[in-house]
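With chain G fixed as given, assemble chain L onto it according to the hints.
Protein chains in written order, with my numbering: chain G, 15 to 127; chain L, 657 to 769.
No wet-lab data here; the hints were simulated from the structure.
Check before you lean on any hint, since a few could be wrong.
Quick list of in silico lysine-lysine cross-link-like pairs, DSBU-like style, CA-CA up to 30 Å [as the list claims (entries may be wrong)]:
{"no.": "1", "chain 1": "G", "residue 1": "28", "chain 2": "L", "residue 2": "733"}
{"no.": "2", "chain 1": "L", "residue 1": "712", "chain 2": "L", "residue 2": "724"}
{"no.": "3", "chain 1": "L", "residue 1": "733", "chain 2": "L", "residue 2": "716"}
{"no.": "4", "chain 1": "G", "residue 1": "69", "chain 2": "G", "residue 2": "34"}
{"no.": "5", "chain 1": "G", "residue 1": "55", "chain 2": "L", "residue 2": "766"}
{"no.": "6", "chain 1": "L", "residue 1": "766", "chain 2": "G", "residue 2": "69"}
{"no.": "7", "chain 1": "L", "residue 1": "733", "chain 2": "L", "residue 2": "766"}
{"no.": "8", "chain 1": "G", "residue 1": "28", "chain 2": "G", "residue 2": "78"}
{"no.": "9", "chain 1": "G", "residue 1": "80", "chain 2": "G", "residue 2": "28"}
{"no.": "10", "chain 1": "L", "residue 1": "724", "chain 2": "L", "residue 2": "705"}
{"no.": "11", "chain 1": "L", "residue 1": "766", "chain 2": "G", "residue 2": "78"}
{"no.": "12", "chain 1": "L", "residue 1": "708", "chain 2": "L", "residue 2": "724"}
{"no.": "13", "chain 1": "G", "residue 1": "34", "chain 2": "G", "residue 2": "55"}
{"no.": "14", "chain 1": "L", "residue 1": "712", "chain 2": "L", "residue 2": "766"}
{"no.": "15", "chain 1": "G", "residue 1": "80", "chain 2": "L", "residue 2": "712"}
{"no.": "16", "chain 1": "G", "residue 1": "80", "chain 2": "L", "residue 2": "766"}
{"no.": "17", "chain 1": "L", "residue 1": "756", "chain 2": "G", "residue 2": "34"}
{"no.": "18", "chain 1": "L", "residue 1": "733", "chain 2": "L", "residue 2": "708"}
{"no.": "19", "chain 1": "L", "residue 1": "756", "chain 2": "G", "residue 2": "78"}
{"no.": "20", "chain 1": "G", "residue 1": "78", "chain 2": "L", "residue 2": "708"}
{"no.": "21", "chain 1": "L", "residue 1": "705", "chain 2": "L", "residue 2": "716"}
{"no.": "22", "chain 1": "L", "residue 1": "766", "chain 2": "L", "residue 2": "716"}
{"no.": "23", "chain 1": "G", "residue 1": "34", "chain 2": "G", "residue 2": "80"}
{"no.": "24", "chain 1": "L", "residue 1": "733", "chain 2": "L", "residue 2": "705"}
{"no.": "25", "chain 1": "L", "residue 1": "712", "chain 2": "L", "residue 2": "733"}
{"no.": "26", "chain 1": "L", "residue 1": "733", "chain 2": "L", "residue 2": "756"}
{"no.": "27", "chain 1": "G", "residue 1": "78", "chain 2": "G", "residue 2": "55"}
{"no.": "28", "chain 1": "L", "residue 1": "756", "chain 2": "L", "residue 2": "716"}
{"no.": "29", "chain 1": "G", "residue 1": "55", "chain 2": "L", "residue 2": "716"}
{"no.": "30", "chain 1": "L", "residue 1": "724", "chain 2": "L", "residue 2": "756"}
Next come the chains, spelled out residue by residue.
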Amino acid sequence: GAVVSQHPSRVICKSGTSVKIECRSLDFQATTMFWYRQFPKQSLMLMATSNEGSKATYEQGVEKDKFLINHASLTLSTLTVTSAHPEDSSFYICSVTFTDTQYFGPGTRLTVL
Amino acid sequence: GDSVTQMEGPVTLSEEAFLTINCTYTATGYPSLFWYVQYPGEGLQLLLKATKADDKGSNKGFEATYRKETTSFHLEKGSVQVSDSAVYFCALSDRGGTYKYIFGTGTRLKVLA
Numbered sequence: 015g016a017v018v019s020q021h022p023s024r025v026i027c028k029s030g031t032s033v034k035i036e037c038r039s040l041d042f043q044a045t046t047m048f049w050y051r052q053f054p055k056q057s058l059m060l061m062a063t064s065n066e067g068s069k070a071t072y073e074q075g076v077e078k079d080k081f082l083i084n085h086a087s088l089t090l091s092t093l094t095v096t097s098a099h100p101e102d103s104s105f106y107i108c109s110v111t112f113t114d115t116q117y118f119g120p121g122t123r124l125t126v127l
Numbered sequence: 657g658d659s660v661t662q663m664e665g666p667v668t669l670s671e672e673a674f675l676t677i678n679c680t681y682t683a684t685g686y687p688s689l690f691w692y693v694q695y696p697g698e699g700l701q702l703l704l705k706a707t708k709a710d711d712k713g714s715n716k717g718f719e720a721t722y723r724k725e726t727t728s729f730h731l732e733k734g735s736v737q738v739s740d741s742a743v744y745f746c747a748l749s750d751r752g753g754t755y756k757y758i759f760g761t762g763t764r765l766k767v768l769a
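In isolation and in its complexed conformation, chain G is listed as follows (with noise of 0.2 Å):
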C-alpha cells in the first residue's frame, strides 16, 4: 500500500498561535488527499477534501478560515490551525486516495495550553 508521512506527530502550542501540519504521499502522486479529527474513542470526522492545485473542500460546519489547507503539490498537503484554542485540540490525520483506496497517515497529537 501507500505510504503516508505526516510532520509533526505531537505539538503543543499555546492559545492563539498558528500551527502546521504536513502530510506527504511518499510513493506516488496524489490529487486528492483527506484531512480528519478523531476524538478520544471515536470515529474520524472528515474535515475538508485536499485537491491538487485548487481550493480544499470542506465538510459542513468546518471554518474554512480556520483551518487552512494548501495542497500546492501532487505530494504535500498542509494543514495550518489558525489562532488555535484549547477546543482545537486533537487527533488530525491525513489520507491520500490511490483508486478507490485510501491510505492514512499516522497521525498528529495537537495539544492547546
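For chain L alone, kept in the frame of chain G given last:
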C-alpha cells in the same frame, strides 16, 4: 444517505478465541468496502478490502466477505492474539467520484492472554 453500522464494543476475548465483528451498510450504489485497524496513538492501517459482491478480502488471518444480499461485511478471525488488540473500523467508499469514505463508529477489541 449511505451509512455504516458496526457492533458496539468493547469486545473482550481470550487469546485463540474466534472473532466476529459485525458490519452492515446501506448504499444506493455498489460501494467498495474496507476494514481498517487502528493501534493506540497511530493512524489507520488498511486491513482488507472488497470491491464487489461475493468478494472475500483477507489479510493476516482476518477475512470478510462482501454480502450484497444481507448488505454486510463482517470481519472474522479464527484465532486472535494479544497483538490484535486495537480498534477496528468498517468503511465504504463512495463510488460517485469523490472517493469519500463513510466510517462506522469503530469497535474496540481487547484480547487477554
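Comparing the hints with the structure gives:
no. : hint              : in the structure
1   : 28(G) <-> 733(L)  : 45 Å, violated
2   : 712(L) <-> 724(L) : 12 Å, holds
3   : 733(L) <-> 716(L) : 9 Å, holds
4   : 69(G) <-> 34(G)   : 17 Å, holds
5   : 55(G) <-> 766(L)  : 14 Å, holds
6   : 766(L) <-> 69(G)  : 42 Å, violated
7   : 733(L) <-> 766(L) : 14 Å, holds
8   : 28(G) <-> 78(G)   : 21 Å, holds
9   : 80(G) <-> 28(G)   : 16 Å, holds
10  : 724(L) <-> 705(L) : 14 Å, holds
11  : 766(L) <-> 78(G)  : 38 Å, violated
12  : 708(L) <-> 724(L) : 8 Å, holds
13  : 34(G) <-> 55(G)   : 24 Å, holds
14  : 712(L) <-> 766(L) : 25 Å, holds
15  : 80(G) <-> 712(L)  : 42 Å, violated
16  : 80(G) <-> 766(L)  : 37 Å, violated
17  : 756(L) <-> 34(G)  : 24 Å, holds
18  : 733(L) <-> 708(L) : 21 Å, holds
19  : 756(L) <-> 78(G)  : 18 Å, holds
20  : 78(G) <-> 708(L)  : 36 Å, violated
21  : 705(L) <-> 716(L) : 13 Å, holds
22  : 766(L) <-> 716(L) : 17 Å, holds
23  : 34(G) <-> 80(G)   : 12 Å, holds
24  : 733(L) <-> 705(L) : 15 Å, holds
25  : 712(L) <-> 733(L) : 13 Å, holds
26  : 733(L) <-> 756(L) : 27 Å, holds
27  : 78(G) <-> 55(G)   : 25 Å, holds
28  : 756(L) <-> 716(L) : 26 Å, holds
29  : 55(G) <-> 716(L)  : 24 Å, holds
30  : 724(L) <-> 756(L) : 20 Å, holds
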